[in-house]
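Chains as they are written, first to last, in our numbering: chain A, 7 to 435; chain B, 7 to 435; chain C, 7 to 435; chain D, 7 to 435.
A couple of the hints might just be wrong.
Put simply, identical chains are the same to the list, so a pair is met inside one copy or across any two.
Claimed, not checked - Below 25 Å or equal to it, Euclidean Cα-Cα: the simulated DMTMM-like pairs (lysine to aspartate or glutamate) are:
1) K217 x E35
2) K217 x D141
3) K217 x E198
4) K217 x D182
5) K217 x E385
6) K217 x D126
7) K217 x D207
8) K217 x E238
9) K217 x E435
10) K217 x D433
11) K217 x D28
12) K217 x E264
13) K217 x E252
14) K217 x E131
15) K217 x D78
16) K217 x E149
17) K217 x E293
Please keep in mind that the hints were generated in silico from the structure rather than gathered at the bench.
Protein chains: 4
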Amino acid sequence: MTSVRPAPAPAAAAETLTARYDAVRLATEQLCTPLVTEDYVVSSMPDVSPTKWHLAHTSWFFETFILSPHLDTYRTPNPRYAFLFNSYYVQAGERHCRAQRGLITRPTVQEVYAYRAHVDTHMRELLARIDGDPDHPATALAELGLHHEQQHQELLVTDIKHVLWTNPMRPAYRHDLHVAAAATPQGWTTLEGGVQWVGYDGHDFHFDNEKPAHRTFVQPTAIANRLITNAEYAAFIADGGYRRPELWLSRGWGMVQESRWTAPLYWERIAGEWQEFTLGGLAPIGEHAPVTHVSYFEADAYARWAGMRLPTEFEWELLARSSCHDRPLSGRFVEAAHFHPGSDASPGVQQLFGDAWQWTQSAYTAYPGYRAASDALGEYNGKWMSDQWVLRGASCATPTSHARLTYRNFFPSDARWQFTAIRLAQDVE
Amino acid sequence: MTSVRPAPAPAAAAETLTARYDAVRLATEQLCTPLVTEDYVVSSMPDVSPTKWHLAHTSWFFETFILSPHLDTYRTPNPRYAFLFNSYYVQAGERHCRAQRGLITRPTVQEVYAYRAHVDTHMRELLARIDGDPDHPATALAELGLHHEQQHQELLVTDIKHVLWTNPMRPAYRHDLHVAAAATPQGWTTLEGGVQWVGYDGHDFHFDNEKPAHRTFVQPTAIANRLITNAEYAAFIADGGYRRPELWLSRGWGMVQESRWTAPLYWERIAGEWQEFTLGGLAPIGEHAPVTHVSYFEADAYARWAGMRLPTEFEWELLARSSCHDRPLSGRFVEAAHFHPGSDASPGVQQLFGDAWQWTQSAYTAYPGYRAASDALGEYNGKWMSDQWVLRGASCATPTSHARLTYRNFFPSDARWQFTAIRLAQDVE
Amino acid sequence: MTSVRPAPAPAAAAETLTARYDAVRLATEQLCTPLVTEDYVVSSMPDVSPTKWHLAHTSWFFETFILSPHLDTYRTPNPRYAFLFNSYYVQAGERHCRAQRGLITRPTVQEVYAYRAHVDTHMRELLARIDGDPDHPATALAELGLHHEQQHQELLVTDIKHVLWTNPMRPAYRHDLHVAAAATPQGWTTLEGGVQWVGYDGHDFHFDNEKPAHRTFVQPTAIANRLITNAEYAAFIADGGYRRPELWLSRGWGMVQESRWTAPLYWERIAGEWQEFTLGGLAPIGEHAPVTHVSYFEADAYARWAGMRLPTEFEWELLARSSCHDRPLSGRFVEAAHFHPGSDASPGVQQLFGDAWQWTQSAYTAYPGYRAASDALGEYNGKWMSDQWVLRGASCATPTSHARLTYRNFFPSDARWQFTAIRLAQDVE
Amino acid sequence: MTSVRPAPAPAAAAETLTARYDAVRLATEQLCTPLVTEDYVVSSMPDVSPTKWHLAHTSWFFETFILSPHLDTYRTPNPRYAFLFNSYYVQAGERHCRAQRGLITRPTVQEVYAYRAHVDTHMRELLARIDGDPDHPATALAELGLHHEQQHQELLVTDIKHVLWTNPMRPAYRHDLHVAAAATPQGWTTLEGGVQWVGYDGHDFHFDNEKPAHRTFVQPTAIANRLITNAEYAAFIADGGYRRPELWLSRGWGMVQESRWTAPLYWERIAGEWQEFTLGGLAPIGEHAPVTHVSYFEADAYARWAGMRLPTEFEWELLARSSCHDRPLSGRFVEAAHFHPGSDASPGVQQLFGDAWQWTQSAYTAYPGYRAASDALGEYNGKWMSDQWVLRGASCATPTSHARLTYRNFFPSDARWQFTAIRLAQDVE
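This is chain A alone, in the form it adopts within the complex (with noise of 0.2 Å):
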C-alpha cells in the first residue's frame, strides 16, 4: 500500500532537535500538497478549523511560547497574527472567534507560508544556539510545540476530509490511497485482575495528562484483538441498531433522533449499498476494514448489541503493554502509515496503533497526583477534563512518532469527525 505520510521522524536520541524540528514542520506542509487555495479558508463546521489557520496557529505556537520570550531578536511580522491565531490559550492574550475562524480571507494562504518561513528561520537560529541543552527552558517548549503541530498534522487531515465531504461534489484529498486489509477472526486476550502500575513512567516526552504512573486495581478481562469491522458494523445496522432505543445510552438516544443519525458519519447508502466517503473520495466500505468516524454513543451502542462493552482506558493500556512488552514504545506501533484504516493483518494483537483512535469507557479526568502546569501551557490538557471520554491508540492520521503507549486522547461522546474505532471487552467470571 501507498504510504501518504512523509517518513517518520527519526527517533529523538538519534538526532538534533534541529533536525526533528526540519522534518516536523515539513511533513505539516506535505499534507497540504494535495489541496488548491480556496480548501485552505473555509470551516465545515465549529470543530473543523481552515488549513491555513492551522498553518498558522502551529507557528504562533513557536513565536509566542518560544521565540518571543527566548529570542531578543525576534520580531513578528504582524501583531494582529497572535490575536487570529491563538486558540484557546486565555493566559496568552485576546483571541479570535472560534467561530469566525473560516470566514478570514487575509492573511492569505501565501502570507501564511511567509510567516511560517519567518518563524522558522528564527526558530532555526534559536535551535542553533540552544542545541545540546537540555536545561535551557526553550528545549522542552520546542519539543512540546513538535507534539502540538503533530497533534495539528492529524487535525489538518481529519478537518480537510470534512471539508471536502461537505461540498456536494465529494472532491478528494487523494487518488493515490488503497487498503488491503484482509480477514482475521476475532480473537480474544485475558488480562488477569489485581492491581497494576499504569500510566507515563519515562523520561522522553509525553503530556502532563499520562502523569503520575500509579496503581490502579484492574478486573479479569478479555479483550478483543482486533478492531469491529465495517461489516460486523453493517451487520448492526441491518439488526435496527439505530431504531432500538434499548440499546443506547439516552443521550445518545437524543442525538440519533436529532440529528438523524443511521449510520457512521461518512457513510451513505446508494442503490442498496454502503459507500464511504474516504480522503480518497467515495467508495464501497471495506468489509475487512474497521469502521470508523463513530461517536462513543455509537461505540457503546453496538457493544451493548453484542453483548459486550467497551474496555477502560487501563485494560486497553494493558492489553497494549503486553503484546509488546519486548518492543521499544515509539516507532514500532505503528507501522503502517497510511490514511485509510484496514491494513494490519498481522496475527496477534492487532490495530493497537496506526488505524484508528479506540473509545474506551473511562472518563478523561485527572490521574491521581496529577499536577497541571502553571503557566499557559498548563492550560493544554487540564482545562478540558469534563464531559469526554478517553481514546486510545493511534490513527492513521497520527504521525507515527507521536503515539505512545500512554497516550490519552479524549473527545466528547458525539464527536465522529475523528478516525474513532470499536473495540470490546468483556467481564471474565
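With the hints as your guide, set chains B, C and D onto chain A.
Quick look at chains B, C and D alone, frame taken from chain A:
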C-alpha cells in the same frame, strides 16, 4: 430547628410493606401542603417538572410496572395518563414531550389526587395479597416504586423552589424554616492508600448502579471533615473567582460567560450584601451554612482556587465508612431532617448526609461487572452513564430512609438547582 | 345557535360610562366561567398570555393610566403588579419578560380577581365623580381602557383555545357551542374605481391608526360576497396546495417546510377525515363554515391557487360601506354572537363582521397624516407598523360593540392562532 | 474623484445585444480585480454570498434559462453546477443549501472563470444567430440575464465589503477611492396632492413589479432635496437615539437591544471619534457624505426624532419625475460612478441615483393589476412580496445602466449591508 419533613419511615425490617407504602405516599402529599393550586402547574426550566406531574408520574409508575401486570382487576382511570405521565421509559410506550409538561392544565390537581387515591386503593389491595412474600415479583417492584417516589419527593422540593424563585415576587415555600449553624474549623481525615472494597454488598434495597461491590486502589488522601461554607465561598467570589479563567475548566468558563454566572444559583447581591433565596424566601446568606446550588464547574473552580481538589466517589465512601463503622448504614446518617442545610455542627466528620449532595471528581460510569436489568426498569440508571458526575451523601431534601452510604446520585457539570455542595480533598505525599 | 357571549353592551350614547364599564368588566369574567384554576396559569406559546395575566393586565391598564394619575386616594394593592402586568408600554416602566408570563404562579387566580375588584371599586368611584364630563381626561382614557379590555377578551378566548389544544387530551372550552352553517354560492360585488374617502371620520371611539380619513385611488375590483369555506380549502389541500412552492411567497414556503404545515392550525387528519379542534373540542370540519386559523401565507397561497388575490384594506372597507350604507356602523354588523364561525347565511354580502378576521394585501402602515399620541398610549398602535398585515372585519370572538367599519387589526404573515379567514378579490378589466 | 466602475454600458438602442452582453460580463470580472483567491470563497453572514458563487450563479442563469432551452448544441461543463449555483428558483430544480454556499471550495475560482468563459462562448454563438430578432424568446431572456447580472454586480460589491469587514485586520478593497463631498443646506420640494400616474409605462427593459402604470392619490408633501448626512446622523446618536425606545418601532427596538446596535453597520468608535469601514478601509466618517448602511428601523427612528417621516415610494417617484422631466430616464441620473457615496453637490434635488438606496415607508407589495410571469422567471420578484420595504433610487454600487426611475428595490426592515440611506419627507397642511 424545626423539622419540616414528615416523621421518618420506620426501618424496613420492622414494619410491613403496606405501612411503608402508606408512609411514603403520605409524605409526598404532605410536601404539597404549602402550595396553592397554581404552583402545581408550571415548569420554570427544562429540568423542572410541575408538582402535579410528580404526583401523577409516581402513581403511573406503580400503575404501569405493578398494578397492570400483577393485579388483573386493575383499570386505569384514564388511558391517556400513560402517555402524559411516563417520564423516559422508552420501553413503557410513547411519552409526552418533556418540554410541554408545564403546559398541561388538565387533569386538574384535584383529578391527580384522585388518580393517586385510585392507585393507592389498588396497591393496598395487591400488597395485602402478597405482603410477606418476598419472592412475589411485585414485592421488589413495590420497594423500587417507593424509592422512586422518594427520589421524586426530593425533586418536588427542589423543583418548587425553582418555580417560586422564578417569580419576581420571590414567595416563600414555608415560613417556619430556620437555620442555626455554628462555626466549626476545617479538619481533615486521612485515608490510607491501598486496595479497598467499595460498592453495595448487602441484601436490602439498593440501585443496580451501586453494584457489584468490588475492589479499587485508593491513593493516600486527606479529606475534609465538613463542607465549604457560604462565607468561604464568598471569599472566592471576592477574590475574582468568577473572573479568572485559569481557575475553570474550559466548558465551565464557557458557562460563566454565556450564562453570566457571578455566584451560586440563588444568590443575589442586594445593597452590597449577599442574599440567598431559600425555601423560606430571601434571606442573608448564613455564614456557617454550607454553600449550596453550585455546579460541578463551580465546585471544581473553588477547589482549584483553594489549591486542592474534589474527592473521588470512593474516597468519599471510605471517609463515610470510616466515620460510622460501628453504626448501621441506614437511618442514622441523616440526623437532622430539614430543608435548609447547615445545622450539623457535631465534632468529627460532619455533613455527610442530610445537608447537601457532594460533587466528586468521579464521572458517572458503570462499576466493573455492572449489569442493567433487562426490562423497562433497566432504564433506571444505566442509560444515564455519560456526561454526568457522581454526587455522594444526601441533601436536606432527601428523605431520611432514602439515604445510603453507597448511593450514587448523578448530575451534569452545569446542574445547579439541586442542593449541591463542596467537600475538599488533597493528596497526601 | 347558542349565544355564548354575554348580552351585548348597549350603545354608547344610550347609557352611562359607569354602566358600560360594569358591562365590559363583567363580560371578561364571564368568559372565564368554564375554566378551572389550572387553565389560568400557562402560556402555551410565545404569542399566548395566561388567562390570569389578561385579567390582571387589563386592570393594571386602568390603574396605571387612570387611577394613579386621576384619583389621588388610590393605592395599589401591590406595587409589584406594575412590573408583572405591564405588557409593552416602555414609557410606563420596567416590564416582566413576556417569555416568563406563564411561569408565575402568584398572585393566585383568587388574588387577581381581588385585584380586579379593587380596581373596579375605585374606577366606579372615579367615574361617579366625572361621569357626564366628556372633557375630563379620564373619560377618554376610560373609553380607551374599555376597548383595550375588549381586545383582551378576544385574545383571552383565542389564547385559551390554544392552551387547551396543546393538551393531548384536547379538552373543550364549552360543550354548548354548535354551528348551523348553510351552503351559499359564491357571489361578487363590483367596486367602481376612482378616488374614494376611507378611514374614520366620526366622533365616537376609534383608534388613532384609523385616522385621518383621507382620499385614496381604488381600481375597479370584484370582491367576494362570502368567505372561503372549509370544503373549498380542503380542495386546495387535496390539490397539493402545501406541496407546490410556486403557490407560495418565498417566506411562506419556508414556513411550510420549517414548521411542517399541511393544513390550518387546528386541523388534524384522523382516519382519513379532516377534524378541527374547536372551542367545543375536536369535531369534523364544517363544510360550509369559513376556514379559519390560516396565516397570511396560506390565504395568499390559496388565492393564487384560485387565480385570484386578496383584497386591499380599502377595497374591503368600500365593500362594507356599500353593503350597509343605510345602517349605523356599530352594533349591527355583528349579528351572530358565537365562538364558532359559520352561521351567517343571509343573502348578499356576508360574513363581514362576527365570523373571522379577513386578511388583506395591505401592509400595516400609517395613513397619510397619521399622528401617534405623545404619551404612553402613543405606543398603542404606531409602534407596530412594520412587518404586519391589516385584517378587517371582526371575528366570532370579537365583542359586538368593539367591531367597527374602519377598524384595522394587524398580525404578522405567519400568525394563525386568531380566527383569521380568506375573502377573495379579483381585478375587473 | 476616481471612477471605479468600468465605463458605462452604452445605451441599449445604440448598440448590439452582443456588445452589451460582453460589456456587462466584463464589468463583473473587473469588479474582482482587487481580490485574492481566498476572498472569493467565504460567506460572512447568511445574506452574503461568496464572490465565486456570484460569478457562477450569473452564468448558471444564462445556461439554464437561455442556452439549455435555446441552443441545442449546448452542453454544461458539469451537471452538478445546476445544483450548486441555483439560488432560489424552485421550478429550476433542487438547490444547494444557501447556508452552505461559503463552505464549498471546489469548483475553484479558476474553474468558475472557465465556466463563465464556456457560457460566454455559447451565448455569443446564440446571440449571433438571433441578434436583431426582438421576437426570439432568447432576446428578452438575455436582456433579463444582463440585468440579473447587474444586480449581482451590486451584491458582489456589498458582499465583499462585508467579508473584508469581518476580518479583524479590516483590509481595504481598493485604495484609490476618495470622497469630496461638500456641504449643502437641506432644501425641500413640495409635491401637490391629487391623482397621479406612477409605475413603468415604456417599452424598454423593466421588471414586472414596476407594472402596470396606474393612478394613485398622493397627499401634498414636502420632500427633502438631499439625503441625511453622517454629521446629522451622529447628532441623532449623540442625542441618545439608540437609547430611547419611544423613537423606535417595536421590532426595531428589539433589534437594538438584541443586536446591540449603537450606530450604522460599519461605524466604529475609535478614540472618541466615529470611523467607518469603507471599501477603502477604515476612515473617519465624512461629515457631508450621506449616512449609509442604516436599516429601515434606523431610518424610521431618525425621521421620528427629526419630527418628520420617510416618503412613500410614490412621493419619491414624483420627486424624481419632477426634477428631471425634460431628461431621458436612463443614463443621466447616475452621474457620479463611485463606491463611496457623497459627491453629488449640485443645487436642486440631489442624490436621487448613484449614492445610496433610499428607504420608503411603502411596503413591498404588488401594484394593482400586477401579474407575475408564469415560468421560473416568475419567481424573480413576486414571491418576495411580504415583510419587505421598497427602496428607491440607486446606490454607488449600482451599475449606471441598471438605474431606473420606476425601479423598486426591496429589503427587510433590519437589512444594513447594502448602501441604504435616509431622505426625509413631511406633510404639508
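Hint by hint, here is what the structure shows:
Taking identical chains as interchangeable, the C-alpha atoms of K217 and E35 are never at most 25 Å apart, the minima being 32 Å within one chain and 52 Å between chains. Within a single copy, K217 and D141 get their C-alpha atoms as close as 21 Å, which meets the 25 Å cut-off; across copies the closest is 50 Å, which misses it. In this assembly of identical chains, K217 and E198 lie within 25 Å of each other by CA distance both inside one copy and across copies; the values are 23 Å within and 21 Å between. Taking the closest pair of Cα atoms, K217 and D182 never come within 25 Å of each other, the shortest separation being 40 Å inside a single copy and 52 Å across copies.
With identical chains, the CA atoms of K217 and E385 are at most 25 Å apart within one copy only, with a shortest distance of 16 Å there and 36 Å across copies. For a Cα distance limit of 25 Å, the shortest separation of K217 from D126 qualifies neither inside one copy, at 31 Å, nor across copies, at 56 Å. For the homomeric pair K217 and D207, the shortest alpha-carbon distance inside one copy (7 Å) is at most 25 Å, but the shortest distance between copies (33 Å) is not. For the homomeric pair K217 and E238, neither the shortest alpha-carbon distance inside one copy (36 Å) nor that between copies (31 Å) is at most 25 Å.
Within a single copy, K217 and E435 get their C-alpha atoms only as close as 31 Å, which misses the 25 Å cut-off; across copies the closest is 15 Å, which meets it. Within a single copy, K217 and D433 get their C-alpha atoms only as close as 27 Å, which misses the 25 Å cut-off; across copies the closest is 14 Å, which meets it. For a Cα distance limit of 25 Å, the shortest separation of K217 from D28 qualifies neither inside one copy, at 29 Å, nor across copies, at 54 Å. Within a single copy, K217 and E264 get their C-alpha atoms no closer than 38 Å, and across copies no closer than 33 Å, so neither meets the 25 Å cut-off.
For the homomeric pair K217 and E252, the shortest alpha-carbon distance between copies (21 Å) is at most 25 Å, but the shortest distance inside one copy (37 Å) is not. Taking the closest pair of Cα atoms, K217 and E131 never come within 25 Å of each other, the shortest separation being 32 Å inside a single copy and 60 Å across copies. For the homomeric pair K217 and D78, neither the shortest alpha-carbon distance inside one copy (33 Å) nor that between copies (60 Å) is at most 25 Å. Taking the shortest Cα distances, K217 and E149 sit within 25 Å of each other inside one copy (17 Å), while across copies they are farther apart (45 Å).
Taking the shortest alpha-carbon separations for K217 and E293, neither the intra-copy value of 38 Å nor the inter-copy value of 39 Å comes in at or below 25 Å.
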